[in-house]
Amino acid sequence: MIHPILTFGHDVLRQKAVPVAEVTDDIRKLAMDMLETMYAAKGLGLAAEQIGRTECICVIDVPPDAEKDTCRAANASVVMPLVLINPEIIAREGKQRNDEGCLSFPDIGASITRANQVTVTFTALTGERQTVTVQGLLSRAIQHEVDHLNGILLVDNMSHMQRLSMSGQLKRLLRSSSATPASRR
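For the sequence shown, position 3 (counting from the first letter as 1) is numbered 8 according to our numbering, and the numbering increases by one without interruption.
Certain hints may be false.
Unchecked claim - Mimicking DSBU-like on lysine-lysine, the simulated pairs with C-alpha atoms at most 35 Å apart in a straight line are:
no.	residue 1	residue 2
1	Lys47	Lys73
2	Lys47	Lys34
3	Lys47	Lys176
4	Lys47	Lys100
5	Lys176	Lys21
6	Lys100	Lys176
7	Lys34	Lys21
8	Lys21	Lys100
9	Lys21	Lys73
10	Lys100	Lys73
11	Lys21	Lys47
12	Lys34	Lys73
As the list claims (entries may be wrong) - If you anchor each label on the Cβ, the simulated ranges turn out as follows:
no.	residue 1	residue 2	range
13	Arg134	Glu41	22 to 30 Å
14	Leu179	Thr118	21 to 29 Å
15	Ser181	Glu41	17 to 25 Å
16	Arg134	Arg177	35 to 43 Å
Worth flagging that the hints you see were computed from the coordinates, not collected in a lab.
Model, not experiment: these values are computed from the prediction.
Cβ coordinates follow ideal geometry from the N, Cα and C atoms, glycine included.
Please build the complete structure, drawing on both the sequences and the hints.
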């Protein structure tokens with residue numbers, strides 16, 4: 006099922022996710038719905054808050070051809086799509102600065118600095134706890150989605166100047182999200 010994606014200004018985007026106690030059929034269905042929603046929106050990642058849910062779950066699917074050769078080799082063991090339940094980034098290394106977008110900020114992007122490599126531990130859909138170390142775009146996507154699960158948004162990672170230059174677009178998003186009926190929030 007494809008869900009509407011909430012945009013900047015919706016309160017749930019600022020909420021910290023609630024840990025998932027057990028991987029159930031409902032959680033598996035949520036993950037599949039999130040993947041379907043993400044693919045329909047042509048995104049690389051999606052956190053539960055972005056569809057109005059508060060479970061600590063995010064989904065990511067970075068196509069192999071989107072990564073640089075060195076990162077593609079480093080990330081080869083990670084099977085896509087990636088479903089991360091209760092993810093925790095336990096190590097960060099290096100830096101990368103690249104353009105970043107967000108499905109909750111349509112038509113807005115900014116150059117953001119993030120760790121080049123992260124190690125993340127998470128529960129998989131099988132219920133098993135796993136740990137992976139990834140680089141490049143996949144590392145960026147994981148950091149972005151884990152930020153969402155902690156109520157941290159793209160705008161929070163922008164510099165003051167970036168926020169100023171996009172203030173008109175951000176205000177329009179806020180106005181449009183406040184005009185959305187409460188039943189869709």
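Margin query: Which constraints among the numbered hints does this structure fail? Numbers only, ascending.
Written below: Structure breaks no hint.
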